[in-house]
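Single-letter residue listing:
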Amino acid sequence: MKGNETLAGYDMVLALSQNTINYQFSQLHKRNIIHKKWGVLGGKTTDDKNFHVTDQDAGFKQKINAWIAIQKEIEKARKDNNWAEIGNLMNRVQSENLNFTFGWEAVLLAPEVSFIKDNTKEVFLELRFKSGKLYYREEETKAISVFDLKDALYVFKVPIGQLKVSKENMILDAGESAKTIIRESGLSDEDFTIQSLFLNFENANISNFDTTKSKLPDGSDSDFQNAIANYFNMTIAGSGNPYVLGYGIHRKKIKATEKAMFQPTSLAFSTSYSNKNKQSGVFSALNFLMMLNDTKPPTSTTAGILPHSLIELGKDTSSSTDGVFSIQQNHFNTYLDSLDQYVQKTFTNLDGVELQHGFENGVMKLKKHDTHKDDTIDTVYTVTKEYVKNTDDNSGIKVRYKIEISIKVIVKAWFVKVGEMTLSTSGQYTKGDITSKGSAGYLDFTIKSGKTGRFDLLHKLTKPSIAYDENPNYFEGGFWKVFSHILLLIFAWVFAIIDAIVNQIAVDLGKDSASSSSALIEKLNDIDVLNQTNKVILPLGKVYAFKNLRMDTERDIVAYDISYAPVIEK
Amino acid sequence: MNVDPKFQITKNDNVTVDFQSELMHNYFPESAIKAGTTIRSLMVAPEQPFIFCLTTDGKLQGILRTEGSASGWTQLLFSEGKVTSFELEYNTEEDYFQIAKVENNKVWISDEIPLNATQFATLDKSLSWTSMEALHADETINKVSIGVEKVVFSTTSKGKDANYYVANLDDLTPKLSTLFENGMKIIQFELGNFQYNDGVFMLYDIGKERSFVFQSFPDERYGKTSKARFESDDDVNCFALVESDDTNDIVYAAGKNIHQFVTGIEDEEVDVIKLPGTFEAITRIRAARNDEYHSVWSLNEQGLHYQTNHFFEQKTQQFVSNQWTQPIVMADDAEQFCCVKGNGIRNQLFSINTKYGSELTSLWQDATTTLWNKKTLAIKEIDSLKKVESYSAHIRFRSKATKTFQGLQVRLSAESNLFVYVDNESYHIGPDKEALIPLNVNAEFTVICPVKELASCRILLNADFLENTVAINLASQVLEDLQQKASSGEDLASARKQNGDLLVPEGTDTNTLNSAADGIQKMLDAAKTMENDANGSLQRSSFTVGQLVAPNTQMRASHVAASSVSHHGLTLGDFLHAVWDGAKHAAEFIVEKVKDGLQFVIKIGEQVFNWIVKTIREIGAFIQKIFDAIKVFFKDLFEFLAFLFDWDAIVETKNAFKEFTNVAIISLKDEIKNIRKFVDDTLDKQIEKFSPELVDIPDSLGKIDPSQSSDEKTADPRANWLNSKKNYLHDSSGKPISSQIPTDFTDVFTSFTTQLKDILVKSGEGFKLQMDIIFDGFKKMIQGERTFLDFLKLLLQKLAGLSLFLVKQLMDLIFVSLDSLISLAQVGLNKQWEIPIITPIYKAVTKSNELTFLDVMCLFVAIPTTILYKIGEGKAPFGDGKTKEEFINRGKTIFQLNLN
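One line per chain: the protein sequences are U and D, in this order. Position one of the first sequence corresponds to residue 0 (numbering that gives the first Met the number 0), numbered consecutively onward. Position one of the second sequence corresponds to residue 0 (numbering that gives the first Met the number 0), numbered consecutively onward.
Hints may contain errors.
Once the Cα atoms are required to be at most 30 Å apart in a straight line, the calculated DSSO-like pairs of lysine-lysine come out as [to be verified]: (1) U:K397 - D:K157; (2) D:K273 - D:K207; (3) U:K388 - D:K159; (4) U:K462 - D:K207; (5) U:K62 - U:K43; (6) U:K388 - D:K184; (7) U:K447 - D:K676; (8) U:K447 - U:K364; (9) D:K255 - U:K384; (10) D:K159 - U:K459.
FYI, nobody ran anything at the bench for these hints, they're computed from the structure.
Work out the full structure, taking the sequences as your base and the hints as a guide.
Structure follows, in structure tokens:
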């Protein structure tokens with residue numbers, strides 16, 4: 000399967016579990032960040048305009064009682080056909096500002112979402128009532144119907160599939176000063192918080208409730224719907240209102256991060272229902288669908304419809320994690336390519352080393368030409384990217400470069416070649432100072448998730464060793480004598496290169512690299528991987544923590560387990 | 000012993016109090032403590048801290064404050080083997096605590112230990128533990144943290160991410176949790192509450208970075224956790240939690256800076272404050288809270304720093320809580336420390352350093368004066384000796400009434416908080432803290448107050464038999480001496496310490512010395528004004544003190560103070576403890592009498608400080624600081640002003656007494672047949688008269704009395720120096736006195752008792768009681784507490800009731816025993832004897848390696864004799880050899896019964 004299919008046309012997808020969203024809603028609710036109460040009386044003024052009184056009003060309770068009492072009297076008068084009385088009472092209703100049509104006095108539980116099988120564009124949002132009353136006046140001359148809201152449930156669909164956040168939109172909306180910032184940075188981490196997600200539900204058509212899932216007080220269906228619709232129309236109509244679905248909320252402020260290597264530039268939403276292990280809450284996901292580098296999001300009918308919930312790929316699906324983040328392998332390869340560049344640069348930065356060709360099919364060749372009097376020493380370094388694979392416990396990616404060396408020494412006397420000798424990392428013969436058979440060297444890197452979207456690059460270096468390709472004992476004594484002098488130079492020059500590389504990598508990737516300001520670091524600063532080692536590679540690091548980096552070759556993606564862990568800082 | 004009140008002294012008996020306080024050396028036992036990885040402490044009762052730390056061999060020990068015990072501290076062991084991690088949790092609501100420890104790769108949880116129903120002194124024996132383990136055998140448990148409801152422990156296993164387990168204290172069934180990042184080893188973690196969720200704060204390394212996060216416990220409905228990551232300007236090395244009133248923990252994270260994170264109420268934002276000060280990497284941080292006031296303690300290579308939002312606003316002389324002080328260095332040699340937990344306790348902590356041996360130090364701020372006190376703790380079961388500089392006050396009560404002080408008590412308190420030793424029992428006294436000192440017949444005691452500076456406050460004596468409170472200014476003698484000896488700059492320049500060295504470093508600027516002398520005199524005036532209350536001479540004075548000379552490297556460099564930051568918000572105590580030394584400028588003083596004390600205005604450079612002081616202690620602290628400014632430190636002042644024991648003369652005297660006694664014992668042996676004859680004769684007469692009391696025993700027998708009461712001398716802590724340590728002979732380790740007597744004596748007693756059996760059978764059990772009294776009397780005589788004559792009288796008196804036939808038999812037995820005892824005495828008395836504290840002191844001062852029973856007895860006599868003789872005569876008693884020889888020879892005839 001191509002990564003493009005796995006991620007349904009998007010470059011990156013962050014899948015957040017249904018349980019996490021609901022848990023986070025419950026936290027907002029528990030901490031009173033979203034309001035727990037609806038207390039409002041809505042009606043019409045004399046000139047037929049909407050007006051309302053909230054429970055912040057000191058006379059709220061009395062108003063309800065007065066309203067109920069007067070409507071009761073009106074109904075009685077009507078029953079008695081006492082029209083004069085009705086007229087008086089109606090005048091009183093107007094003069095005392097009691098012309099209400101509905102009233103809410105309810106305590107709400109935390110809202111919940113649930114994802115729908117075979118529907119990736121809509122989610123159910125459940126408003127859950129804990130207790131309270133709904134007051135409703137069907138007609139001006141009727142008594143108030145009072146409905147008990149205990150355990151009532153109002154479920155409606157939110158069309159999250161229609162939500163789109165793109166840089167262009169944001170730039171359009173933003174003030175002049177913010178435009179450049181957005182243009183340069185892409186989407187901010189803020190867009191990926193629970194609060195933002197919650198705010199996005201604003202687009203819901205609240206009256207479009209689901210009859211099968213909702214539990215309304217007996218006989219209240221249409222009243223309830225009308226009252227809810229009126230409630231929202233009256234109390235929260237208009238943009239800029241922090242009340243979403245009756246819950247007051249603000250966008251959480253997240254401090255701007257440095258731009259990540261994989262910075263999203265557009266955002267859309269879909270869901271993936273999964274009932275793996277019969278735990279739909281754990282495995283069903285809300286997908287943050289992202290594009291990179293200002294690429295236009297896909298527009299096909301299947302765009303955003305993932306074949307499976309990404310959370311099914313989770314390595315750690317315990318309570319500690321909240322979902323899975325995936326990026327198409329070909330994008331991740333950008334990072335791996337920068338590692339190639341880095342290795343290449345560590346070689347070419349050294350004096351006298353000349354690049355024959357960079358990595359082609361995973362092989363890079365370099366050469367070095369040295370002379371000693373009129374003798375020549377030619378060294379070829381062959382660096383092969385042996386593998387890129389997951390660590391044994393699938394918590395990181397291992398990359399191995401093999402270093403092979405072959406050396407050709409030509410000894411001349413009076414410009415006439417008197418003999419030649421080759422040594423290499425595959426040489427089998429030893430003599431004199433060369434005491435062991437040749438062996439290739441290795442540069443091993445392990446990429447692991449670091450903190451706040453950074454990568455941690457661990458390294459291990461195995462030095463190569465060289466030996467004679469032919470049995471040196473066959474050489475005649477005179478040549479050997481000359482050659483043995485040169486051998487010392489080989490040690491000095493050839494291995495100086497390896498030592499320099501080993502040191503270089505240790506310095507670059509070592510603990511102190513960030514603070515070091517050696518000249519070599521300066522030289523290497525333009526190499527991506529180095530920049531990225533101490534910088535942010537994954538986006539959203541201020542909101543999510545990443546864990547267990549691994550490749551999924553079958554699905555052609557790179558995946559992480561993620562946790563919703565917002566950064567708290569000054 | 001109960002004494003009938005009618006025989007006890009009362010208010011009407013005109014009791015006089017005789018006292019003298021001297022600055023002098025004293026000695027205390029101390030025990031070695033390892034600077035392990037953790038130290039924790041808890042107030043288990045008012046002013047009774049219980050400290051937990053590891054011993055030198057890695058065991059978990061508890062060190063309990065035990066008021067009125069020898070050292071004031073008792074050590075208890077809480078593990079059999081090495082403990083790799085431990086923690087204690089104090090449940091403030093239900094007032095109990097629990098300990099969790101990692102021992103043997105298991106986590107052990109103690110029972111709940113209620114503060115109000117536990118015998119802490121025997122907690123090591125009564126406490127039981129329950130254990131739990133990790134899921135896999137290859138996991139190494141490396142840390143444990145305990146909360147009120149849950150316990151958490153973390154594990155590492157090779158090449159894998161770290162795990163942690165959470166268990167309810169109810170069932171101790173550990174449930175595995177994972178980190179939400181690839182962290183290999185947890186560095187610090189603690190149970191806590193963040194944004195209204197219980198969970199774990201964790202610090203771990205992830206790759207080359209440090210991660211400080213919180214993860215809640217999973218909720219029941221969704222099985223999910225809340226997570227948060229705390230970021231500050233630099234790597235976090237450690238953190239501390241302080242519970243707020245709304246259950247959220249206030250989080251302090253420390254690296255090179257300290258950040259405070261406070262959860263908003265009904266608000267998503269977390270308030271993050273960066274505290275003032277930039278540090279070298281902080282390795283440990285603790286915080287404490289008393290209502291809205293917080294104290295933060297942080298440790299790094301520069302020492303232990305303190306800062307607080309208990310901000311002292313000089314303008315109003317009031318504390319405010321909305322501002323943090325700059326950090327100041329409180330102890331520059333601490334390696335580990337903890338704040339004392341408990342209700343309402345803020346500025347009291349313990350630190351360990353091993354730079355000079357090993358010291359457990361208590362550092363606390365006195366609420367009255369705000370001055371900081373430092374005190375090295377010592378533990379019972381001593382293994383070494385600590386020499387301390389102290390004010391030692393010998394206090395004696397007298398009355399002409401023929402009644403006794405036995406059974407009465409003196410209530411000892413002080414103007415500010417002090418830790419003192421009274422006859423070598425340790426007590427804490429203060430304005431609201433009294434110690435009850437029981438009196439015996441002698442009605443005297445010695446108060447030893449260890450000091451690190453000249454300053455000390457007045458101690459207060461109250462008793463039912465006293466009409467008024469008696470206040471003793473411990474430092475009065477010293478301050479008086481100072482007034483004479485430091486009256487001018489010239490005086491200071493020429494002043495010499497008792498060893499002959501100059502007090503002030505040579506070449507100190509004359510102007511500086513003049514201003515210092517001026518400052519000292521004015522301070523002394525201020526002290527007098529303070530002591531004599533309202534009518535003092537001082538109204539207002541000003542002077543300048545300081546380093547007019549180039550700053551000397553000897554001065555402690557305060558890294559924080561050097562950075563020219565403002566030190567506003569500090570209390571006087573903070574200032575004197577930490578700021579002054581670092582000040583580079585001269586200080587100008589203005590001292591003025593105000594309504595409720597003395598107002599000090601101090602100007603250092605651009606900074607102006609202003610405090611109202613109310614006790615002499617604070618003035619003493621200033622005087623000390625003035626001396627510090629001319630590089631005369633407490634050590635020098637001590638050598639200048641303190642009473643220094645002339646140990647050579649004392650040892651000389653002791654040796655004379657010792658030889659005298661040895662000679663006397665030999666003469667006693669020669670004389671014993673005469674004595675026996677005398678007794679036989681007496682008994683024969685008694686047979687006729689049946690009244691032993693009538694026998695006239697020659698007075699000459701009573702001449703030698705090493706325990707002679709010092710009734711006729713005035714109170715003097717110097718003369719009473721060793722006497723005040725007499726208690727160590729009896730109860731230092733709780734062993735009965737018999738086991739402390741050289742064993743040879745015991746053998747004789749045993750054989751005596753066996754032979755007595757026959758006689759006892761004949762005389763009945765009542766007689767045995769009498770014999771016990773006789774044995775006791777004999778022991779007392781041997782120990783020098785009773786004269787030989789008194790013993791003989793007692794003997795005869797006690798035996799009088801027996802049938803004379805039996806008495807004769809008995810006397811034969813006694814004399815046989817006495818004969819062998821005396822032979823032994825010379826050997827026994829000269830045998831090495833290990834007495835807590837006295838033996839090490841003796842060894843330390845005489846450079847000798849053994850102390851005999853006889854040495855001890857003789858020292859008791861030699862010290863007061865020598866000191867009083869010297870004070871009176873100006874020279875030591877045995878200065879010339881002839882006197883000594885004559886004295887020793889007198890021993891030969893001392894026991895001769897001059898019956899003719």
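Please list, smallest to largest, the hint numbers that this structure does not respect.
The structure breaks hints 7 and 9; every other hint is satisfied.
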